[in-house]
Amino acid sequence: MEASRNTHSSKFFGTDGITVRFGGLTALKDVSIGVGENEIRGLIGPNGAGKTTFFNVVTSYIPADSGDIFFQGESISHFKPNEIAERGIIRTFQRRGILPDLTALENVMTGCHRLMGDVRLWDICFRSKRYKLEEAEAIRRAKEALESVGILDIAEKGAEDLAFGQQTLVEIARSLVSNPKLLLLDEPAAGLSPSEREHLMGVLRMIASERGISLIIADHVMEFVMEICDNLTVLNFGEVLAEGSPTHIRQHKGVLEAYLGGGG
Amino acid sequence: MDMLLQILITGFVIGSCYSVVSVGMTILFQTTTVLNFGHGECVMIGAFIFYTFQFMLGASLPVAIILTMFSCIIIGALMDRAVFRPIVFAPHVNVVLATCGFLYLYRGLARLIWKSKPRFPPTLIDIQPMDLGGVIVTSQDIAILVSVFLLASFFIWIFLFTETGLKMRAAAQSLRGAALVGINTENFFTGIWGVSVGAGAIAGFLLGPIFSIHPDMGESFLLRAFAAMTLGGFGNIGGAAIGGIIMGIVENLVGLYIWTPLKEVASYMVIVGVLVFKPTGILGVRKF
Amino acid sequence: MKGSRSKYMIQAGFLILLFCIPLVTNNYEQYIINLIFVNFLVCLGLAIILGFSGQFAFASAGFLGVGAYTAGLFMVRLGISYWPALLLSGFVTLVIAVLLATIGLRLRRYYLAITTISFTLCMRFFYVNAGKLTLGPSGFNIPHATLFGFNFNTDHRVYYIVLVVVLLFSVLSWNILRSKIGRAFMAIRDDEEAAAAASIDVKKYKLLAFAICGVLGGIAGGLYTQVLGRITPDEFGMLPILLHFVIVVLGGLGSFFGLMIATIIVTIIPELIRAFVEFQELLYGAIIVLIILVAPGGIYGLMLKYSPIRWREKLHGSVEKYS
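Protein chains in written order, with the numbering used here: chain A, 1 to 264; chain B, 1 to 288; chain C, 1 to 323.
By construction, these hints were calculated from the structure, which means they are not laboratory data.
Note that beta-carbon positions come from the ideal geometry of N, C-alpha and C, so glycine has one too.
Hints may be right or wrong, so weigh each one.
[Said to hold, decoys possible] Cβ-Cβ distance ranges computed for the label pairs, FRET-style:
#1 R81(B) to I10(C): 41 to 49 angstroms
#2 L160(B) to S193(A): 49 to 57 angstroms
#3 E239(A) to R81(B): 45 to 53 angstroms
#4 G36(A) to L160(B): 57 to 65 angstroms
#5 F19(C) to R130(A): 28 to 36 angstroms
[Claimed, not checked] Listed below are the simulated SDA-like cross-link pairs for lysine to any residue, each with C-alpha atoms no more than 20 angstroms apart in a straight line:
#6 K203(C) to R127(A)
#7 K80(A) to D234(C)
#8 K80(A) to Y205(C)
#9 K117(B) to D234(C)
#10 K181(A) to G88(A)
#11 K157(A) to L304(C)
#12 K7(C) to F256(C)
#13 K29(A) to G88(A)
#14 K7(C) to R127(A)
[Claimed, not checked] Computed list of chain A residues with no C-beta within reach of chain C, every gap over 10 angstroms:
#15 S10
#16 F12
#17 G48
#18 T59
#19 P81
#20 G97
#21 P100
#22 D101
#23 T110
#24 S178
#25 G202
#26 M206
#27 D230
#28 E239
#29 Q251
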């Protein structure tokens, strides 16, 4: 069967013609993106270009007015947010979705929910052996994740007492514990000092290469995105403006215009 | 048929007072996002203050009205300055609890000062009830209609045609935007609190002669206001006004045609009914 | 191992203390203590739904009423003994809580608050006006519980029923809160979106919170019948709603220990100022406003701020032996 237009349904992760409207405003228009396995994709664009909206649509917080989303060959547009998380797509938030009243360790442990399906209310109420084992496992995984991002030492600190950079790492650690296949990172480099950014880059590279996790990184910090991403997708006013390697994008006329001319 | 018409008229009159209460609450909620659970008590305090000026201190009607309004506006402003301004960034639970604190405070004060015995203030103007084609209209009805009409006109004029009203509409739409254009939000909030409590006071002395005044009367007014706001859609000022009138009519209809004690719970049933079937209210748009 | 040994000794000592209380109290004091325990249980329910999972559901007093009336009516009108009546009070309230949740779950903050308040007041109206079914507006007396001929007809005897039941449910609740369920609750409270992104089924956990609140409130209601000996509709109206709310916020949202202290304080105050009962409401109001201004985190907040030891109520158990 011949497809009349390029569909990304066979890619590891792809969207086809996603359009999102808020009232009279079109936030995303016909956005079609395809990301391969083990790829680090950058999503860039001036402020308001629609990056966060894109993440919101993919993780099903807002419905798309038209278009489809595919992950590993399956259409996921109609799933609830937690079902999408269960399938292995985990996102982080610009505001850092950190739970302030929990410690860093507990924050990361909440990410283990996906894998802790076996324990029943009864087990929890009466602290059965099965519950204790599962809880110990959750603690172990959480500590391991914290260690892999390099902040095991602050495990018992209250999350609201952490610096923004540390909160970023905690959020990433949390997204790691559930063995995701695809991470959507919303402005991870924002508010970080250059040394923190270096550290973050190391962490993300480790995640991609050692754990085989694909990343889509939406960010503004150009040096960061250019250096770490394999490919970039540029959004402008909700539309895909260009796609390609960092070198290609750096020289792309339309992109330069968008950044220097109109928005940003 | 006569009975029905009577119910409609009376219901409309009482409902317009409910509108005053619920509009007062809605204005406050819309601009400051505070839902004042103690608003019923503000109504009660207004009623008592008016009673004090008019009957215990013997002031004349217009003087009593002015003094009551003045005191209640000050009370509202003080509430904001003393309590709600400092906690403007506190979590919602705390703010709600603070309003509940005033609920207790005002009830306690009223009980101390005026004791729990209900008072029965006479009507505001002293003329005989009139019979208009089978429907009885009391002097209090007329007083209420006139006052509410004046109040509503005044308010609509301010809202739509003055700079203050422009500020209110701006703040209602976007608080940050309003601050950016230089509206002094702090003083503005204080003013809104004053207006809200003042409106409650008006409803208080209008309804006093009908319901009798006692320190526990606030609770039922609060719930009727909630019902009115829910009907009209939370945050919708016009909706709250219409909701109030509907509540007045529905209450009396239920009381007459279904079962008198059910009048009390008419509010709750309306609330639950609306929220189950049409959570945005009949006119409502706002979600929060 | 030494550390946990002394912990067990402290807990055992505390338990023994609790069991010995009736030895040193008179009837009135014992009654107040019974009241504290029951209040704690029902406020724990409210704390779980409001403090731990952030839902503005003020149905605690309503559930208390449902539980009390269920137990009371089953005992008085059907002659059922206390023990099954107590179980029924929990069960019936659970069912009603779940039904309420199906409406309540899709409502946002203030709508939920108003709906649950309306529910509670509707129930109260029902108790007053349902005539023979609920035995009228002035309430009715409840027979004492008996067990193999032993009659629980004093406050001291009733205490042991209350103590055992409240301890049991408190421990269960504690276990639930200090598990992934508790973490899920707090996640939903703090950031619902982030919770869903961490694959937490928000709807399921909100429903669970409602259910727990219902069970705790219902059982507390069942206990209430024995503590008071008599139930009247006025016990389950607007004032208890506010009272429970005050207790939960005073204790500090998300804190078990703060709640305990707050319950004791708030239950005892009216008794302490018996002489000045006219000042009671005024005092409540003033205290509430002061607390909000001065100690917004409640008692737990104060403890965190001023305690010399740097601690927090942990949500994960210490399972070093297994890890």
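Per the stated criterion, does the least C-beta distance between Q251(A) and chain C lie above 10 angstroms, as a non-interface residue requires?
Label holds. Min Cβ-Cβ 36 angstroms, cutoff 10 angstroms.
Would the least Cβ to Cβ distance between D230(A) and chain C come out above 10 angstroms?
About 25 angstroms separates D230(A) from the closest Cβ of chain C, which puts it past 10 angstroms; holds.
Checking the smallest CB distance to chain C, is G202(A) really beyond 10 angstroms?
holds, 24 angstroms
Assuming the hint says 57 to 65 angstroms, is it satisfied by the Cβ distance from G36(A) to L160(B) or not?
Given a distance of about 59 angstroms, which is inside 57 to 65 angstroms, the answer is holds.
Per the stated criterion, does the least C-beta distance between E239(A) and chain C lie above 10 angstroms, as a non-interface residue requires?
At about 26 angstroms from chain C, E239(A) clears the 10 angstroms cut-off, so the statement holds.
Going straight from one Cα to the other, do K181(A) and G88(A) come out at no more than 20 angstroms?
With Cα atoms ~5 angstroms apart, K181(A) and G88(A) stay inside 20 angstroms; holds.
Would the pair K157(A) and L304(C) pass a check requiring their Cα atoms to be no farther apart than 20 angstroms?
holds, 13 angstroms
Taking the shortest Cβ-to-Cβ distance between M206(A) and chain C, state whether it exceeds 10 angstroms.
Its Cβ never comes within 10 angstroms of chain C, the nearest being 21 angstroms, so this holds.
Status of the stated non-contact between G48(A) and chain C (beta carbon gap over 10 angstroms)
Per Cβ check, G48(A) is outside 10 angstroms of chain C; nearest 20 angstroms; holds.
Holds or violated: K7(C) with F256(C), Cα cutoff 20 angstroms?
Cα-Cα ~18 angstroms, so holds.
Hint consistency between K203(C) and R127(A) [alpha-carbon to alpha-carbon, up to 20 angstroms]:
Judged against 20 angstroms, a Cα distance of about 24 angstroms means the pair is violated.
Using Cβ atoms and 10 angstroms as the threshold, tell me whether P100(A) really stays out of contact range of chain C.
Non-interface label fails for P100(A): nearest chain C Cβ at 6 angstroms, not farther than 10 angstroms.
In this structure, the hints that do not hold are numbers 6, 7, 13, 18, 19, 20, 21, 22, 23, 24, in rising order.
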